[in-house]
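Working from the sequences, and respecting the hints, build out all of it.
Chains U and A are the protein sequences, given in the same order. Throughout the first sequence, residue numbering follows the numbering used here, covering 1 to 293 in sequence. Throughout the second sequence, residue numbering follows the numbering used here, covering 1 to 665 in sequence.
Hints are not guaranteed to be accurate.
What the hints assert, rightly or not - Listed below are several chain A residues computed to face chain U (Cβ distance under 10 Å; list not exhaustive):
1. I406
2. Q454
3. F619
Said to hold, decoys possible - Selected chain A positions facing chain U (Cβ under 7 Å, derived; list incomplete):
4. G88
5. W91
6. T92
7. I93
8. K359
9. V401
10. G407
11. F460
None of these hints come from the bench; they were simulated from the model. Even for Gly, the Cβ is constructed at its ideal location relative to N, Cα and C.
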Amino acid sequence: MGRALGVLIWLLTIGSVWLFVNGRWWLPPYISEHGPAYDRQFMITIIVVGLSFAAAQIGLGWAVWRYGSRGDRGERAVYSHGNNRLEIIWTAVTALIFITLGLMGQRVWAQLHLNEAPAGSTKVHVVAQQFQWNFHYPGADKNFGRTNPNLVKDAELNFVGLDEQDANAKDDQVVTTLAVPVGRPVELTLESKDVTHDLFVPELRYKQDVVPGMAIKMHFTLTKEGRFELACAELCGQLHYKMKSYLIALPANVYDELVALPQAQFQGRITQLIKEYPLGIKQGAATTTAALR
Amino acid sequence: MEEATTPFEPSAAATEVGAAGTDAHAEAAATAHAPHGHHGPPTGFIRKYIFSIDHKVIGIQYLLLAIFAAFVGMFMSVLMRLNLTWPGHKWTILETIFPLGAPGGVMTPEFYLSLVTMHGTMMVFFVLTTAPQGGFGNYFLPIQVGAEDMAFPVLNMLSFWVTLIGLLVLISAIFVEGSTIVGNTDFVNNFLGGGGTGTLGPIGGWTGYPPLSALGKVAGPGQGAGATLWITSIAIFCIASLLGALNFITTLLNMRTRGMSLMRMPLTCWSWFTTAILALLAFPVLLAAGVLLLLDRHAGTSFFIPGGLVFNDVVQAHKGGSPILWQHLFWFFGHPEVYIAILPGMGATSHILSTFARKPVFGYRAMVFAMFAIGLLGFFVWGHHMFISGMDPRTSIAFSVLTLSIGVPSAIKTFNWLGTLWGAKIRFTVPMMFAIGFVSLFVAGGITGLVLGQTSLDLFIHDGYFVLAHFHLVMGVAAIFGMFAGVYFWFPKMFGRMMSERLGQLHFWPTFIGVYCIFVPMHIMGIVGMPRRYASFQEYDFLRPLDPLVLLVTIAAIVTAAAQFIFLFNFIWSIFKGKRASGNPWEATTLEWVTPTTPPPHDNFGGHLPTVYRGPYEFAVPDAPEDYVMQTTPDAGEGNVAAAAGQGIGQGVQGSSGNGHNGQH
Chain U
1 MGRALGVLIW LLTIGSVWLF VNGRWWLPPY ISEHGPAYDR QFMITIIVVG LSFAAAQIGL
61 GWAVWRYGSR GDRGERAVYS HGNNRLEIIW TAVTALIFIT LGLMGQRVWA QLHLNEAPAG
121 STKVHVVAQQ FQWNFHYPGA DKNFGRTNPN LVKDAELNFV GLDEQDANAK DDQVVTTLAV
181 PVGRPVELTL ESKDVTHDLF VPELRYKQDV VPGMAIKMHF TLTKEGRFEL ACAELCGQLH
241 YKMKSYLIAL PANVYDELVA LPQAQFQGRI TQLIKEYPLG IKQGAATTTA ALR
Chain A
1 MEEATTPFEP SAAATEVGAA GTDAHAEAAA TAHAPHGHHG PPTGFIRKYI FSIDHKVIGI
61 QYLLLAIFAA FVGMFMSVLM RLNLTWPGHK WTILETIFPL GAPGGVMTPE FYLSLVTMHG
121 TMMVFFVLTT APQGGFGNYF LPIQVGAEDM AFPVLNMLSF WVTLIGLLVL ISAIFVEGST
181 IVGNTDFVNN FLGGGGTGTL GPIGGWTGYP PLSALGKVAG PGQGAGATLW ITSIAIFCIA
241 SLLGALNFIT TLLNMRTRGM SLMRMPLTCW SWFTTAILAL LAFPVLLAAG VLLLLDRHAG
301 TSFFIPGGLV FNDVVQAHKG GSPILWQHLF WFFGHPEVYI AILPGMGATS HILSTFARKP
361 VFGYRAMVFA MFAIGLLGFF VWGHHMFISG MDPRTSIAFS VLTLSIGVPS AIKTFNWLGT
421 LWGAKIRFTV PMMFAIGFVS LFVAGGITGL VLGQTSLDLF IHDGYFVLAH FHLVMGVAAI
481 FGMFAGVYFW FPKMFGRMMS ERLGQLHFWP TFIGVYCIFV PMHIMGIVGM PRRYASFQEY
541 DFLRPLDPLV LLVTIAAIVT AAAQFIFLFN FIWSIFKGKR ASGNPWEATT LEWVTPTTPP
601 PHDNFGGHLP TVYRGPYEFA VPDAPEDYVM QTTPDAGEGN VAAAAGQGIG QGVQGSSGNG
661 HNGQH
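And the structure:
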């Protein structure tokens, strides 16, 4: 029985490790400047985790294989209550590894969250609602028009409550697709009309809750062109799983032309771009594979 | 031990047979600590089995409640897997059972989300919090420390009945939301916020984040009466857990028998003690949060609801609240809750590993300190559930580093378990198989905390299948393996009969393989980016490559769920037909194995409380006649322990040392 259990533990360990290393399923390719650092830290951590996991399971399997009772009444196990020196060694070693990993794991976070977006970042307001993403662009004047919850009229497509009386609002556009430039810092301001949502683009390596009552800022710089699925990652109600949009990463000049368009043409151009950009990183625009695979 | 002052309990001392005078004196001292006095065995059926104040009956009641809830929760998880794997498939039988939730046999997304919510609530509160602590803790803590009962037996009974009421309220949420008849009654409409939306209750997840959970029907289906009852149920559960925690702590501190110093307690007792402290400090916070949420829903307050919310173009009247406040309160409870679920499993595993390894626990002291370190640190890491919630990012860094450091005591425990097995003579009984399974699963589930605990990495894996896999393995499956180990181990003492070894093995193997096949692939889904709490994955192209894994997980889930019926059959069948158990079938050393009868009599030790002479895990002692020495066996060297405490040597209750014919090997 013991030998069978030992072998099973080893087999399960091998199977588990195989799932992680077979190369068929992994992080999607990254498209952001912090992507490579993220993937490196992820890979280092998975290696540490994988080695610890395998070592513990192999040890467990070995103990189970090796130390089974033979059913002999006279047999005795080793009489030992432990070993303080061993306790100190393994405590110190794990503490060192875990804390080091923990400190390393703050770098990407600090870079994204403890710094303000650089001056001159491209700004977009994100207004989430059950079960739709609205993206509010400031237009050619680069100033966002005033919004007011009392002016929200979904039926008239005023999803964000834009105040048309405000001069800054005249050239603003609101669409349900997020278009941003490549190679230029982007700053999103996230707001929610109703419940908590979460903006998630896997290739971006970024998740951020969108919390009602707060205007949360997030910034990043894209390095690859293409079109990517944008999902809601915080349970927001009945149709949460359908709260989908796209992130279109455009060359800076294409982006500039887009946002200069008058309201009437803006939506049409977005629709056109969705057709031009098949899902994924645009072929030929840049290399796609993650450096660390 | 101090002098006896007023030995008000004569009956225990009077029934003592053949004890030395000094023994009777100390006996009186021990019972004098019992603040409730002695209660005679009840006679009527109702007092004996229903409204019982006997901790053993209450323990079994808790255990049965948890088994019921576990099967309901498991049934829900299978339904979820069916929906995720074959979206849009018509399950005719589902329409019969849930005409509103699955019209035409196809589950609606809101029905799916209510399954998510109810599965989580059912499992976390009524299984993982109930069985390991309320069940085994209740039954065995008093016996293992050598007490006649809990410190407050009536309070103990109340804790169980309040828990049961909590469960009934939770189940009633199914009916107010799932049935148009119940859901449309005046009471439901006027006082509970309206129901009948075809769900099984709320759809906000077991974490119930506001404002989704705070606004009532305007936020969508399942947010009416079902949500009200769900919060009420949790609040009731909090009260029950508080009462239980008080009882555990008092009993353990005040009612230990002669010679049972803290450092001679079995590790199970340490785990129940630590868990009770966590429950005492964590549940009041959730209770307060739940009451505030109810006020937001029904009294027009705005603790968790900010101003300017718009639903269907209508601006809501609430203003000034914070959705993040709820998250802080919830996770201040929620993280310690993880340890409330897993610590008793750790205790049981240590206890059972040592027993069947026939070897003392490796590093007993380190185990105790590690357990306390986990409990303490567990109160300072709740923010790792909230890295991306919008709270101050600098706070996240502090929470993150503390989170990684909690891995250290967890690793110490793992090393010590391996150390216990090293050089052992392992008897592969069913409880031992599950205890070994616990270690394997605890490592597999716990180790990925190193990934999730890093703020940077959380940027991608938060709220996805990676975290789902992590916590299901560690606080779900590992904890449940701890429970199975406990059931198979203690069943002979609880029911006086052995569970079938053969059926037990038949239960273990598919379950152990099954849970690996369910939860390891879920990590991979998380790495690809699969978000949790999605009613369907059909909307997203990037999830398509995962289809084969989704199918694999579902098949594994169905097989594993089916295997649990082997357990259920074995459990029920063995109560009536199992082989009669001897007093100490496993040749274990602790006090539950020295009771005069099996199951133990009403007052556990037949009026003669045992005296303890040594630590709990004295296996393989050189020169001892057997390979185990009971805690109650006096030292051959006469008088070193008890005499030092000024009591002289009493006649310890001799272990009815079994002769090992019951199912080892």
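- Can we keep the G407(A) interface hint, with Cβ of chain U closer than 7 Å? At 5 Å from the nearest chain U Cβ, G407(A) passes the 7 Å test, so the hint holds.
- Task: With a cut-off of 10 Å on the beta carbons, see whether F619(A) makes it to chain U.
- Result: Hint on F619(A): holds, closest Cβ of chain U at ~6 Å, below 10 Å.
- Against chain U, is I93(A) within 7 Å by beta-carbon distance? Cβ of I93(A) sits 24 Å from chain U, so the hint is violated.
- Query: If you take the shortest Cβ to Cβ gap from W91(A) to chain U, is it below 7 Å?
  - Reply: Status violated, d = 19 Å.
- Item | Evaluation of the interface hint that places F460(A) against chain U, nearest CB under 7 Å | Result: holds, 5 Å to nearest chain U Cβ.
- Query: Does V401(A) meet its interface restraint, that is, does its C-beta lie within less than 7 Å of any C-beta in chain U?
  - Reply: With a minimum Cβ separation of about 5 Å from chain U (threshold 7 Å), the hint on V401(A) holds.
- Report holds or violated for the interface hint on I406(A), using the least CB-CB distance to chain U and a cut-off of 10 Å. holds, 9 Å
- chain U contact restraint on T92(A) - CB to CB distance below 7 Å: T92(A) check fails; min Cβ-Cβ to chain U is 24 Å, beyond 7 Å.
- Classify the hint on G88(A) as holds or violated, based on whether any CB of chain U lies nearer than 7 Å to its CB. violated, 13 Å
- Have a go at the K359(A) hint: is there a Cβ in chain U nearer than 7 Å to its own Cβ? Result: holds, 4 Å to nearest chain U Cβ.
- Minimum beta-carbon distance criterion (10 Å), Q454(A) to chain U: holds, 3 Å
Violation of the numbered hints given earlier is confined to hints 4, 5, 6, 7; the remaining hints are satisfied by the structure.
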